[in-house]
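Below are the chains, spelled out letter by letter.
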Amino acid sequence: AQTVTQSQPEMSVQEAETVTLSCTYDTSESDYYLFWYKQPPSRQMILVIRQEAYKQQNATENRFSVNFQKAAKSFSLKISDSQLGDAAMYFCAYRSWDYGQNFVFGPGTRLSVLP
Amino acid sequence: NAGVTQTPKFQVLKTGQSMTLQCAQDMNHEYMSWYRQDPGMGLRLIHYSVGAGITDQGEVPNGYNVSRSTTEDFPLRLLSAAPSQTSVYFCASRTSWTLIDEKLFFGSGTQLSVL
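Each protein sequence line maps, in turn, to chains G and S. Position one of the first sequence corresponds to residue 141 (the working numbering), numbered consecutively onward. Position one of the second sequence corresponds to residue 3 (the working numbering), numbered consecutively onward.
Only chain G is shown next, with the shape it has when bound in the complex:
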C-alpha cells in the first residue's frame, strides 16, 4: 500500500515571502498522479495543483508550483508571494492505478501567514 508523509506538521511564512511544504511518498508504481489540496478554516477542500508522474516538467498554477523529484519520491509545494488567504491546512495526496484508484492523503501541514 502506498503511504504519504508530510514531515512538517506546522509552518509559518511572512506575507509576500516564499515557503516550501514537503511531501514524500512510497510506491512501487511507475505512473501515478500527485495532488496538493488546501483546506482553509472553512473546512472546504480545494485543489491547488496536480502532477502526473510521467511528466518531467513541474506543474505550476499562478503562485503555486511543485518540485517533483520522481527518483527521490518527493513532491514539494512552493508558494510564492504568500498572502494571508494562503493560511490553511495543506494535504499532499497520491493516486494510483489500482482498483478504485483511491486517493491516499498525507497527515497535512498547517501553514500560518504572518502579516
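Because the hints were derived from the structure by calculation, they are not lab data. Don't be surprised by glycine CBs; every beta carbon is placed ideally from N, CA and C. Treat the hints with care, since some could be wrong.
[What the hints assert, rightly or not] The calculated lysine-lysine pairs, modelled on BS3-like cross-linking and capped at a C-alpha distance of 25 Å, are: (1) K218(G) / K105(S); (2) K213(G) / K11(S); (3) K213(G) / K195(G); (4) K195(G) / K11(S); (5) K195(G) / K210(G); (6) K105(S) / K210(G).
[To be verified] Which chain G residues stay away from chain S? Per the calculated CB distances, all over 10 Å, these: (7) E155; (8) T158; (9) T167; (10) S170; (11) Q184; (12) N202; (13) F204; (14) A211; (15) D221; (16) Q223; (17) G240; (18) N242; (19) F245.
Since the structure of chain G is provided, determine the placement of chain S on it from the hints.
Relative to the frame of chain G, chain S by itself:
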C-alpha cells in the same frame, strides 16, 4: 449546480446511538467515497463505490456501513457510535474511477462528536 451535498454539518451522539450521514451529488459521478479526518492523520478512506450497487472497504471501515442504491446517493451508517468515531467526515466524488487525472470533488464535511 449544488455539487456534493453532505448533511448534517454538525452532530452530537451518545455512545451506542446509530445515525446516518447523508451524501448526495448531482454531477452524475460514478465514483463516491467517504473519508474521516483526524488531527495528525490526514484523511483516511472509510468506504468507496465505483458505481451504483458496488461498494468496497477502504483503510478504516470498521464500525461503518455503506450502500449505493442510486448513482446520486452514498449514505454512511454508524450502527453503534463509539467515542473513537469522533471525527470530521467528508464525502467525495468524481466522474469515473478510471479517469486517473481527475480531482476529487468534496462535500463541506460533517463534524461528529460521540460522547
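Hint check results:
A threshold of 25 Å between alpha carbons decides the hint, and for K218(G) with K105(S) the separation of about 20 Å falls inside it, so the pair holds. Proximity of K213(G) to K11(S) is assessed by CA-CA distance (about 37 Å); at most 25 Å being required, the pair is judged violated. The suggested pairing of K213(G) with K195(G) holds, with an alpha-carbon distance near 14 Å, which does not exceed 25 Å. With a CA separation close to 39 Å, the supplied pair K195(G) and K11(S) exceeds the 25 Å bound.
Restraint check for K195(G) and K210(G): satisfied, since their Cα atoms lie roughly 10 Å apart, inside the 25 Å limit. A hinted pair counts as satisfied when its Cα atoms are at most 25 Å apart, and K105(S) with K210(G) qualifies at roughly 21 Å. Against chain S, the non-interface label of E155(G) holds: every CB pair exceeds 10 Å, the least being about 26 Å. Every C-beta of chain S lies more than 10 Å from that of T158(G), the closest at about 24 Å, which supports listing it as non-interface.
The claim that T167(G) lies off the interface holds: its Cβ sits roughly 14 Å from the closest Cβ of chain S, which is beyond the 10 Å cut-off. The beta carbon of S170(G) is kept farther than 10 Å from every beta carbon of chain S, the shortest such distance being approximately 13 Å. Here Q184(G) does not stay apart from chain S, with its beta-carbon only about 6 Å from theirs, under the 10 Å limit. Under the 10 Å C-beta cut-off, the non-interface status given to N202(G) relative to chain S holds; the minimum distance is some 17 Å.
Chain S leaves F204(G) outside its interface by the beta-carbon criterion, the shortest separation being 14 Å against a cut-off of 10 Å. No Cβ of chain S approaches the Cβ of A211(G) within 10 Å, the least distance being about 21 Å, so the stated non-interface status holds. The claim that D221(G) is not at the interface with chain S holds, since no C-beta of that chain comes within 10 Å of its own (minimum 24 Å). The non-interface label for Q223(G) is consistent with chain S: the shortest C-beta to C-beta separation is roughly 22 Å, beyond 10 Å.
Once the 10 Å rule is applied to beta carbons, G240(G) is inconsistent with being away from chain S; the minimum gap is 6 Å. In this structure N242(G) is not separated from chain S by more than 10 Å, as the shortest Cβ-Cβ distance comes to only about 5 Å. Not every CB of chain S is more than 10 Å from the CB of F245(G) (nearest about 4 Å), against its label as outside the interface.
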